[in-house]
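From first to last, the protein sequence lines stand for chains A and B. The first sequence begins at 0 in numbering that gives the first Met the number 0 and counts up one residue at a time. The second sequence begins at 0 in numbering that gives the first Met the number 0 and counts up one residue at a time.
Treat the hints with care, since some could be wrong.
[To be verified] Distance condition first, Cα-Cα at most 16 Å in a straight line; then the derived EDC-like pairs of lysine to aspartate or glutamate:
1) A:Lys-499 - A:Glu-445
2) A:Lys-255 - B:Asp-122
3) A:Lys-225 - A:Asp-335
4) A:Lys-255 - B:Glu-138
5) B:Lys-104 - B:Glu-138
6) B:Lys-104 - B:Asp-122
These aren't lab readings, by the way, just hints derived from the structure by calculation.
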Amino acid sequence: MTVVRLSDDALACACGADAVAATFEAAGCTVERVSSWGMHWLEPLAEIEGAGFGPLGPQDVAAVLDGSSDKGIGVIAQHPFIVRQQRLTFARAGKTRPLSLEDYAQSGGWVGLERARAMSPEAVVSEVTQSGLRGRGGAGFPAGIKWQTVLEAKGARKYIVCNADEGDSGTFADRMLMEGDPFALIEGMAIAAHAVGAQQGYIYVRSEYPHAITKLNSALDLVAHKIAPFQIDVRVGAGAYVCGEETSLLNSLEGKRGEVRAKPPLPALTGLFGCPTVVNNVLTLAAVPHIMGEGGAALYDRLGVARSKGTMPIQLAGNIRHGGLFETAFGITLSDLIYEIGGGTASGRPVKAVQVGGPLGAYIHPDQFDLPFDYEAYAAADALIGHGGVVVFDDTVDMRGLARFAMEFCAVESCGKCTPCRIGAVRGTELIDRIGAGGRALDPLEQTAQMHNMPKAGRSRADEIALLEDLCETMKFGSLCALGGFTPYPVMSALKHWPKDFGA
Amino acid sequence: MNRADRLDEIVARHAGRGGPLLPILHDVQAELGCVDGDAEALIADALNLSRAEVHGVVSFYHDFTVRPDPRPQVQLCRAEACKARGVDGLVEAAQSAAGDRVQLKDVYCLGLCSAGPAARIGDDLHARLDQEGLVRLIESA
Numbered sequence: 000m001t002v003v004r005l006s007d008d009a010l011a012c013a014c015g016a017d018a019v020a021a022t023f024e025a026a027g028c029t030v031e032r033v034s035s036w037g038m039h040w041l042e043p044l045a046e047i048e049g050a051g052f053g054p055l056g057p058q059d060v061a062a063v064l065d066g067s068s069d070k071g072i073g074v075i076a077q078h079p080f081i082v083r084q085q086r087l088t089f090a091r092a093g094k095t096r097p098l099s100l101e102d103y104a105q106s107g108g109w110v111g112l113e114r115a116r117a118m119s120p121e122a123v124v125s126e127v128t129q130s131g132l133r134g135r136g137g138a139g140f141p142a143g144i145k146w147q148t149v150l151e152a153k154g155a156r157k158y159i160v161c162n163a164d165e166g167d168s169g170t171f172a173d174r175m176l177m178e179g180d181p182f183a184l185i186e187g188m189a190i191a192a193h194a195v196g197a198q199q200g201y202i203y204v205r206s207e208y209p210h211a212i213t214k215l216n217s218a219l220d221l222v223a224h225k226i227a228p229f230q231i232d233v234r235v236g237a238g239a240y241v242c243g244e245e246t247s248l249l250n251s252l253e254g255k256r257g258e259v260r261a262k263p264p265l266p267a268l269t270g271l272f273g274c275p276t277v278v279n280n281v282l283t284l285a286a287v288p289h290i291m292g293e294g295g296a297a298l299y300d301r302l303g304v305a306r307s308k309g310t311m312p313i314q315l316a317g318n319i320r321h322g323g324l325f326e327t328a329f330g331i332t333l334s335d336l337i338y339e340i341g342g343g344t345a346s347g348r349p350v351k352a353v354q355v356g357g358p359l360g361a362y363i364h365p366d367q368f369d370l371p372f373d374y375e376a377y378a379a380a381d382a383l384i385g386h387g388g389v390v391v392f393d394d395t396v397d398m399r400g401l402a403r404f405a406m407e408f409c410a411v412e413s414c415g416k417c418t419p420c421r422i423g424a425v426r427g428t429e430l431i432d433r434i435g436a437g438g439r440a441l442d443p444l445e446q447t448a449q450m451h452n453m454p455k456a457g458r459s460r461a462d463e464i465a466l467l468e469d470l471c472e473t474m475k476f477g478s479l480c481a482l483g484g485f486t487p488y489p490v491m492s493a494l495k496h497w498p499k500d501f502g503a
Numbered sequence: 000m001n002r003a004d005r006l007d008e009i010v011a012r013h014a015g016r017g018g019p020l021l022p023i024l025h026d027v028q029a030e031l032g033c034v035d036g037d038a039e040a041l042i043a044d045a046l047n048l049s050r051a052e053v054h055g056v057v058s059f060y061h062d063f064t065v066r067p068d069p070r071p072q073v074q075l076c077r078a079e080a081c082k083a084r085g086v087d088g089l090v091e092a093a094q095s096a097a098g099d100r101v102q103l104k105d106v107y108c109l110g111l112c113s114a115g116p117a118a119r120i121g122d123d124l125h126a127r128l129d130q131e132g133l134v135r136l137i138e139s140a
């Protein structure tokens, strides 16, 4: 009997994988639902004895089975998109059934946890520090140092919190990992718990990811005994983008408004319910089982460039021909990512801009495409890697519109705690509208005799642009968290690189 | 079971959990269709919070509504990656297909960013939507 492997990832399902699976089953095949290879333009992608066929609809199934299909892509594992990657965190992608304990154990699962549990907590923390692993959520803080702080903190209760509130547009690696390899995340959290002495873990997943929530809950039911006495509870967010910020997430977990807390105190010392807490992103925690395997930390440290060590699961999204998940060592350039790997735009038009790092990331001009993927190199170019999302736009895009959207998004999603973000974002939206209108005339109040210090000609476009720059400066340095603090990145980069779109 | 009993039952379900308010509000929203003032008062009483504290939480999050809306809901992603793939050009047709019969709600990212425009109905996701596909989806919602 023919065995057909098809992904049950949310993206494959959204592209019709369930109907394709049902058609294969009706034709007498055995269908195994596995994780996604991450080649999203080929989903639904069927694998039969290693060979791939995609993208398939139910109408293509008969041709695949009788050998006449023109949708074959050859051996999947040898596809150039896969061969060029170095998959550590996503080593199982496409290969295992997400909820099969057998598949997980056969592919090296639990080795890291068993090895870690045979070591002292200090030794585990020291290996994670040596690996050079940095937080994959966006801030890039060294994971080992955070764990060390929690390990040394005094407290009867400690927590491991997994930040799975992946709200950035253009990112889906957390979702793919939770849906495709949930045990790896659970194992990573159990290792963290052993390393810092935590009893309870929480995975805070956004409500927009129903498939991930179901998978995690099923996975936890299967392995509760394996991670005991450590316990993990899945918590569902409620549609607030700002809850991806760690202190806001902690407030939300406690059942409060998702308002940002001022730091210090650091969550590592005074975190969830006032206890020492490790807050790490999904990808950070899921990288840990590999690092804790024999020789894993040393391999991780050898990969990458400068202070950006190991691999980064990069997500190619937006208007790109070959979108999907591309995990590789740090240092790759944007032009390689977009043209060689991504195949350029899906629309076939020239690339105008690329946003790296989600809604708070800078828009990068094609002139800067030789920038290496590295935390420090991006920071030096007034940009950020964030969670590794790369969103490509073609030449039909209006950059002023995108800058306005960044401000508008910040205004809608601001938690309201600090003024630069809450009010600045609203004023920023208005300013960008006025720039579009070419400035503005004096209003009746400004024309009164008492207002004789007002410029007589009203405000020009240049005046409004100067004011916008000033506002961005205030937001960048005056906001409590990255929402208000980083919204200036997309706005200022759009203004700097595409002045024509602002009427210059 | 009347409404107050159902609320009691939901609150009891989460008793003893750390930070039970959000899980309770999710269940109330899912089972009763909204979190109104009466529900807030009852939950506040059960958790030993003030009504204002509970209302503050309910009004903070996009997922909770004060009034029930029995219409089918279609969520359309309007974030950057879907914009790059042309979602803004579909909105007008989507709105006229939705009319008053369907709630058309903007969401910011469904995690299908390499295959947008994307939409969600309940737990069903749909990607690679063109105008025709989106209109058909809304009409069948």
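Do the hints match the structure? See the list:
no.	hint	result
1	A:Lys-499 - A:Glu-445	violated (30 Å)
2	A:Lys-255 - B:Asp-122	violated (26 Å)
3	A:Lys-225 - A:Asp-335	violated (42 Å)
4	A:Lys-255 - B:Glu-138	violated (38 Å)
5	B:Lys-104 - B:Glu-138	holds (15 Å)
6	B:Lys-104 - B:Asp-122	holds (15 Å)
The structure does not agree with the numbered hints 1, 2, 3, 4 stated previously, though it agrees with the rest.
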